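So the protein lines, in turn, are chains Y and W. Once you know that position 187 of the first sequence is 187 in the UniProt record's numbering, the rest is easy, because the numbers rise by one and skip nothing. Once you know that position 63 of the second sequence is 63 in the UniProt record's numbering, the rest is easy, because the numbers rise by one and skip nothing.
Treat the hints as calculated values from the structure; they're not laboratory data. If you're wondering where the values come from, they're calculated on a predicted model, not measured in any experiment. Among the clues, some could well be false.
Claimed, not checked - Restricting the straight-line Cα-Cα distance to at most 30 Å, the calculated cross-link-like pairs of lysine-lysine (BS3-like) are: (1) Y:Lys-186 to W:Lys-186; (2) W:Lys-267 to Y:Lys-207; (3) Y:Lys-267 to Y:Lys-68; (4) W:Lys-186 to Y:Lys-207; (5) Y:Lys-267 to W:Lys-186; (6) Y:Lys-207 to W:Lys-275; (7) W:Lys-275 to Y:Lys-275; (8) W:Lys-273 to Y:Lys-186; (9) W:Lys-297 to Y:Lys-297; (10) W:Lys-186 to Y:Lys-37; (11) Y:Lys-190 to W:Lys-275; (12) Y:Lys-273 to W:Lys-275; (13) W:Lys-186 to Y:Lys-190; (14) W:Lys-207 to Y:Lys-267.
If you want the building blocks of each chain, they are given just below.
2 protein chains.
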Amino acid sequence: MMDYKLFDLGDVKLQSGMTIPDAKLAYKTYGELNAAKDNVIVYPTWYSGQHYENEWLIGAGKALDPDKYFIIVPNMLNNGLSSSPSNTPAPYDAARFPRVTAYDNVQLQWRLVTEAFGIEKIALVTGWSMGALQTYHWGAMYPDMVERILPFQGSAKCSRHNFVFLEGVKAALQADAAFLDGWYEKQPVKGLRAAARVYAGWGLSQKFYRDHMDLDALGYASLEDFLVSFWEGWLLAKDANNLLGMLWTWQNGDISHNPLFGGDLVKALSAIKAKAIVMPSSTDLYFPVADNEFEVKHMPNAELRVVETSWGHFAGGPGTSPDDIEVLDQALKELLAS
Amino acid sequence: MMDYKLFDLGDVKLQSGMTIPDAKLAYKTYGELNAAKDNVIVYPTWYSGQHYENEWLIGAGKALDPDKYFIIVPNMLNNGLSSSPSNTPAPYDAARFPRVTAYDNVQLQWRLVTEAFGIEKIALVTGWSMGALQTYHWGAMYPDMVERILPFQGSAKCSRHNFVFLEGVKAALQADAAFLDGWYEKQPVKGLRAAARVYAGWGLSQKFYRDHMDLDALGYASLEDFLVSFWEGWLLAKDANNLLGMLWTWQNGDISHNPLFGGDLVKALSAIKAKAIVMPSSTDLYFPVADNEFEVKHMPNAELRVVETSWGHFAGGPGTSPDDIEVLDQALKELLAS
Numbered sequence: 001m002m003d004y005k006l007f008d009l010g011d012v013k014l015q016s017g018m019t020i021p022d023a024k025l026a027y028k029t030y031g032e033l034n035a036a037k038d039n040v041i042v043y044p045t046w047y048s049g050q051h052y053e054n055e056w057l058i059g060a061g062k063a064l065d066p067d068k069y070f071i072i073v074p075n076m077l078n079n080g081l082s083s084s085p086s087n088t089p090a091p092y093d094a095a096r097f098p099r100v101t102a103y104d105n106v107q108l109q110w111r112l113v114t115e116a117f118g119i120e121k122i123a124l125v126t127g128w129s130m131g132a133l134q135t136y137h138w139g140a141m142y143p144d145m146v147e148r149i150l151p152f153q154g155s156a157k158c159s160r161h162n163f164v165f166l167e168g169v170k171a172a173l174q175a176d177a178a179f180l181d182g183w184y185e186k187q188p189v190k191g192l193r194a195a196a197r198v199y200a201g202w203g204l205s206q207k208f209y210r211d212h213m214d215l216d217a218l219g220y221a222s223l224e225d226f227l228v229s230f231w232e233g234w235l236l237a238k239d240a241n242n243l244l245g246m247l248w249t250w251q252n253g254d255i256s257h258n259p260l261f262g263g264d265l266v267k268a269l270s271a272i273k274a275k276a277i278v279m280p281s282s283t284d285l286y287f288p289v290a291d292n293e294f295e296v297k298h299m300p301n302a303e304l305r306v307v308e309t310s311w312g313h314f315a316g317g318p319g320t321s322p323d324d325i326e327v328l329d330q331a332l333k334e335l336l337a338s
Numbered sequence: 001m002m003d004y005k006l007f008d009l010g011d012v013k014l015q016s017g018m019t020i021p022d023a024k025l026a027y028k029t030y031g032e033l034n035a036a037k038d039n040v041i042v043y044p045t046w047y048s049g050q051h052y053e054n055e056w057l058i059g060a061g062k063a064l065d066p067d068k069y070f071i072i073v074p075n076m077l078n079n080g081l082s083s084s085p086s087n088t089p090a091p092y093d094a095a096r097f098p099r100v101t102a103y104d105n106v107q108l109q110w111r112l113v114t115e116a117f118g119i120e121k122i123a124l125v126t127g128w129s130m131g132a133l134q135t136y137h138w139g140a141m142y143p144d145m146v147e148r149i150l151p152f153q154g155s156a157k158c159s160r161h162n163f164v165f166l167e168g169v170k171a172a173l174q175a176d177a178a179f180l181d182g183w184y185e186k187q188p189v190k191g192l193r194a195a196a197r198v199y200a201g202w203g204l205s206q207k208f209y210r211d212h213m214d215l216d217a218l219g220y221a222s223l224e225d226f227l228v229s230f231w232e233g234w235l236l237a238k239d240a241n242n243l244l245g246m247l248w249t250w251q252n253g254d255i256s257h258n259p260l261f262g263g264d265l266v267k268a269l270s271a272i273k274a275k276a277i278v279m280p281s282s283t284d285l286y287f288p289v290a291d292n293e294f295e296v297k298h299m300p301n302a303e304l305r306v307v308e309t310s311w312g313h314f315a316g317g318p319g320t321s322p323d324d325i326e327v328l329d330q331a332l333k334e335l336l337a338s
């Protein structure tokens, strides 16, 4: 039984000039929309994640409390639930699924929010990693609608170094001949495992590994156990074309790469009216603090708040670091109360 | 015409319990051994590097001046010139070439230095990256022979994070079915290219890429040009089994993992009598400063001197960053004068 809904988008024209026919946006809501329609939180998904993998921040007593807020989690295109290589019929299936930008994603999320629910104001947009990328897009694309944003461990534009990290992940996956240029019938498991191993060094920090947190905090039996179970297990559960589709979205993420801002990043950052708290992790290897520093400098109403942690990119991530998530939750509460 | 010599090692028994029959150590010397035999510098090679790829630090007027010093560059086993998967006859060829530790390497280098040249004192051992790993081994294994060491951008023991980074490189290479478990007749070029792309994010720093130093300092036309030419070009010139052999040596590098120290890293570090300057790069992603800090704390006669740079692992590396190499050369001169 499906625990989410599908919003019919019709035929969707993308920034790339291609069309997804009969496109679907999968989403799940938590809590009730109040009569004033002023209790809305939008919380987009991260790389590979599906809506239920966003739930670690949602719950009674937390900032994202369904007793108070109407929380919408839209699934990113390419994630296997919204329109994706894995669920789209020919001719746009598999390796032919069109490239989708974060701008495309957020335009479609805006249609869900306005057309399905008649919402005009959003109290908060927040998200982790690629969810943060979409959060920045919401702020820049709909500045009069979005009152607050809290992007964590992400950026408004994919940095060149981040792009290179992702080239490594992609090349490892595609080195597997079983990938068959995307026309596989069975998943390229060797490539998925290799991509996961590449990711493992990036996702957490040097200090995380130095301090044996894979063993002591996460409870794995050995480093190899952690690599197989946590990392390979993660990507083996996903579809290769979907992953590569989201990877393209990530590599090409840029809030200014659209008709609104014509590639002018400073202009796009300056357009974000929302009150913002931007929360990088002190040890994130691919979203380093310096990238957010630049952004915050150009956002009119933003504060940079660095999370001091050994958890690298996984500081506020999916439930792994309770201490950092507590810090994040407090910041979300503070922002929502302001 | 060969610009190097081969030292016959005979049948060599390794730490692994395996034997390399009729093993060879390739080396090149620069300058003349003086009568007192007290002007010796040993300068081991780095991951993938061959002796001529160590030459950026050698020259008249430099610290490593062949007019003053007798500089021996021993090629690491597995590097294609010393005994390696690519040049050893069956049954120890290709995927069956035995695993070699840094301890094995340095024992064999010691035989070269003592048996071929009758040297009893070494003024300096220095090296970059895996060359630094061998440098630490020299200091710990032959404390009464080695007067000075200067390891740069390397460590005495492969950290767990560094190990994971290398897992990614290895998995990317081996994801290519053309690797054939090491029994290829043609190099697995797709895997080599993938491994190179994985390496590209690690070798330099986030700031290097942010500041477009691939374009502005190194002169590439685009990021993709840099990835293809610099990175893929690097690994395509090498043999896959050789690379995996050296990678194993690196992952298992540990100055204490031998009968002298029984796995006690502090004991091994404490055994290094040589006057030492240890030079990490402030932005090295896989040999972070913190690992060297720990080491220096336990070395009786060592100074930690961080190179402030955007060049990541390539600070003192093969000729790419002249400013950092000048800092390194000055430190080498200072150490040699002491």
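Results of checking the hints against the structure:
1. Y:Lys-186 to W:Lys-186: 27 Å, holds
2. W:Lys-267 to Y:Lys-207: 23 Å, holds
3. Y:Lys-267 to Y:Lys-68: Given pair Lys-267 (chain Y), Lys-68 (chain Y) is violated - Cα atoms ~34 Å apart, limit 30 Å.
4. W:Lys-186 to Y:Lys-207: At roughly 40 Å apart (the allowed maximum being 30 Å), Lys-207 (chain Y) and Lys-186 (chain W) break the hint.
5. Y:Lys-267 to W:Lys-186: 51 Å, violated
6. Y:Lys-207 to W:Lys-275: Holds, because 28 Å separates the two Cα atoms, which is no more than 30 Å.
7. W:Lys-275 to Y:Lys-275: 55 Å, violated
8. W:Lys-273 to Y:Lys-186: Status violated; Cα separation ~58 Å.
9. W:Lys-297 to Y:Lys-297: Measuring from Cα to Cα gives roughly 39 Å; hence the hint is violated.
10. W:Lys-186 to Y:Lys-37: 65 Å, violated
11. Y:Lys-190 to W:Lys-275: 47 Å, violated
12. Y:Lys-273 to W:Lys-275: 58 Å, violated
13. W:Lys-186 to Y:Lys-190: Distance of about 20 Å is within 30 Å: holds.
14. W:Lys-207 to Y:Lys-267: Measuring from Cα to Cα gives roughly 23 Å; hence the hint holds.
The structure is inconsistent with the numbered hints 3, 4, 5, 7, 8, 9, 10, 11 and 12, although it conforms to all the rest.
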